[in-house]
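Chains A and B, in that order, are what the protein sequence lines are. Be aware that the first sequence starts at 202, since it is given in the working numbering, and climbs by one per residue. Be aware that the second sequence starts at 727, since it is given in the working numbering, and climbs by one per residue.
Quick caveat, the hints were computed from the structure, so don't treat them as lab data. Be aware that a few hints might be false.
[Stated by the list, open to error] Here are the simulated distance ranges between beta carbons:
id	chain 1	residue 1	chain 2	residue 2	range
1	B	Thr-1156	A	Asp-314	26 to 34 Å
2	B	Arg-1191	A	Ala-249	48 to 56 Å
3	B	Asp-763	A	Tyr-298	44 to 52 Å
4	B	Ala-746	A	Ala-318	57 to 65 Å
5	A	Tyr-266	B	Ala-746	52 to 60 Å
6	A	Ala-318	B	Asp-763	22 to 30 Å
7	A	Asn-229	B	Lys-796	55 to 63 Å
Values in this document were obtained by computation on a predicted structure and should not be read as measured data. All C-beta atoms in this analysis are idealised placements derived from N, C-alpha and C, irrespective of residue type, glycine included.
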Amino acid sequence: MRLWETCEIRLKKAYWTDGLIEVISVANKGDWVRIHSVILTSEQRSTAVPEDTKSVPLEQWTKGYLHADTPLGGEATITTRTGRVVSGTLVDETPHYCHSFGDFVPELQQAGDEAFAFLFGGSKK
Amino acid sequence: MTVDNSFSAVMARKSEIIRAAVGVDYKQFESGSIAFDYEKMMASTGYSLEDVVETQRGFAIGNTPLIELKNITALVRNLSKDGLGARIFIKDEAANPSGSFKVRRAATSIHHAKRMGYPGALSATSGNYGAAVASCCAKSGLKCIVVQECYDSRGVGQPEIIEKARKCEALGAEVVQLTVGPELFYTVLRMLEDTEYFNASLYTAFGIAGIETLGYEVAEQCRAQLGKDPDVVVCTNAGGGNLTGTARGLHKANCYPEIVAASVNLKGLHMASDTQFNKKSFTTGHTGFGMPFSTWPDRSDVPRSAARPLRYMDRYVTVNQGEVFYTTELLARLEGIERGPAGNTSLAAAISLAQELQEDQIVIVQETEYTGAGKHGSAQLSFARQNGIIVSLGDPIDEIAGESIVLPAHPSLLRAVDVDLDHMRRSLITHAATMIDHAPTQADIAFLAEETKASEAFVRETLQRN
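One chain only, chain B, in its complex shape:
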């Protein structure tokens, strides 16, 4: 029998392909309206937090150091009013086998794929997650394919993504590279069908359950090292899994700090644009993912995303590209720790936020990532220059994504900017209401209140506005 592999035919088979490749029937969580049973989906992995810790231990994942950034804290206090300037700590997730926290996300998926008898795993990612999946597959004896969006139509690749391809290949993966476009999903579906591999999606409950250990460790380490809970935890936010998993892990440890999302501001750049692809100097951790995935999580490669950051987010700030490169330099020059630029998005935000907090308060930056050729300030800023971006020292507020990158000429110029969270909440609620052809039910309203960490009154008021 000939299989129709046209774009429309493959996309029409999406549900059955994903169901076979993830081994989860998402219909069991659905209510038939807006609401679905999120916690039932999260529990459907069948793995407890303890099970996940055990699995990760087998992969040598986790128990990464929580390091006090004393010099950056001193710098912050130099910039703050008397009595202000919280202590900043960083969780050195680069110490994980694949060089980032993402391997926590991969471990449960790959453990499960192996247990279920899949011959290999496939992941669609241009980020650190590829190396994470490759690392776990290597250790598990599974084959691995990573599909990247990497090149523009000139054939010019983002150096950061090319480095990630190298790392995936070093860990044994086959890397398939594509030009810009969301039809990457089409090629992924075709390959899943052909290979019958497990879809190691970033957005399944397996993935998010893996990050819960990160939040749990933060709470335990803070208590052991400082005798108290953290006041603020800052998470770099793109697809939302990092923040979701970390917050859930903190809550499982009965720890409830303020959860702050931080993204690189790429306002004005279209993520699916061929000509703008190489105008950006961050390929993750930016608002191009952070905003749409927060306000509508179910746009990923599974029907229901387990990454639902608005459920846990107390505050959302952005920093500019120049501020993150600058922060990366501060981490190297003032703390002697050289780590990748994108993972320092949350640190850039923390340097700004700590100036508002008391000296005895604790701010946790919950990740670092590895750095290397291509994935480095000098590599990425050189590449920006080659693509017509003006790089300078000045006031980062003047930076225009796609045109300029402005590193702060003085540390006092590093300023995180608040995003209107209520606006994002309303966006999610309004979008949800368009997905059904009847008025939202009481269950829907209760669900949307949970989805947005808002009150039912807020949900009702938003619905009435439209």
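Only chain A is shown next, with the shape it has when bound in the complex:
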């Protein structure tokens, strides 16, 4: 499975090409994009978080309109929908939703069929 299908959002379009993290595109001024930034480094994080969480940075993703032509992976500034100006690394242009109804889950269908048969009678299959 390609990573982008699991709602992986790091440099999504770069991952599209055989898992290689490389700049393959440039987003233009005014494009709707997604940027990424580190809010707190591991050292800056709260001491109250578990060790596995403390060992990684607190990261943030924000969407908005790009201020200037920028390659994917480059530093970008955007204006968000509410008018905030935010900077970070450009990770996606025209981001779209990739979540779905998932795979077929046979256990759910079987459970539903059997409950139906239990209540209303008839074959379970």
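Assemble the complex: chain A is given as a structure, and chain B must be docked to it using the hints.
Structure of chain B alone, referenced to chain A:
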């Protein structure tokens, strides 16, 4: 002047930021000891129940159907001893504009924010509340920011949360997404300071006052449709607001059913753990919120939470993840109603509880939520499998959160498990005593008795144990 935006500096400014962003000075409710004036805080909104109903009507919120689940009741009676098997009704809160009861919670806040002249509202939530705030902001002409805890450090997002982000964006909100960690609050504080938006916290009196209409409607609809009051009302419990507001609304209608809390059992999973974040298949309605917020409500984004569920709770049960997915399937297959998994936590509990009750008794499940891509049994169970969770049919008692999800192989295997409420009460009382450097006063003891729906003797005895 340069503002220090380091973690410690921003957290140190917490009180003043929240005070400006909520417009409430919480000091006025404090006694200086454990006790504070809860009812004064609840009245401080200045909005009566009638005012809240009126506001919600303006947003097209409420008056959701109360539907009898006749086939699920028949199923329950098939599993029960003769004469047992209460009638189960569900309040179809998914019919609200944002798809869940949470919009009741948002309405009063956003109405107030608009009236007070705030340019927008901000909410920290990965749940249905985001869409609720976005919906009310859209209707009110206010800007809206929703801040979510959404991804683990691999950049893999919970499908349920990503769907909620989509819905927020569909309703016009800006969605800011973060990786796992309670420092989300730090980013929220910074954004509140920068934007001067209203903090549409889940835990203000505005929010809880909004849910009172839900309890009030349940009482009125039961009386109109059935000519009697409900015997049991089951509320999915996470941060405690759902149960608190519903119980308060029932009481305002002079209706006093047994109030049962239900949470998904996620025992063993740490909510702030990066590696465990995507090992769970429920992002709300679970014990990871339900237990800590019940035993210590004042851990939220306001100094004093208006959600104080132990004040109203008569019983607390848990169900496993597999049981809720199974119940979601039952609702679709036996009643023809497809609704989101997490909101069916209370229905899963009700199916078990109804088997203990007489046939003429009434059990109310007081919510449903919308379902959709990402926020669906197949989406969430597929995602669980991708994250190494074993999904099977069997006996849910064998489920281990973070390792397996077991759907009941037969409806008789669906069993709600009681939580020791006295243990939770003692936990709250003991914790409260650690917050002061003197012995609890008589006012504190009376307050703690109210906080835990227990006697003063119980509070004194608990304090003496420590």
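We went through each hint and held it up to the structure:
no.	hint	result
1	B:Thr-1156 with A:Asp-314: 26 to 34 Å	violated (49 Å)
2	B:Arg-1191 with A:Ala-249: 48 to 56 Å	violated (27 Å)
3	B:Asp-763 with A:Tyr-298: 44 to 52 Å	holds (46 Å)
4	B:Ala-746 with A:Ala-318: 57 to 65 Å	holds (60 Å)
5	A:Tyr-266 with B:Ala-746: 52 to 60 Å	violated (29 Å)
6	A:Ala-318 with B:Asp-763: 22 to 30 Å	violated (57 Å)
7	A:Asn-229 with B:Lys-796: 55 to 63 Å	holds (58 Å)
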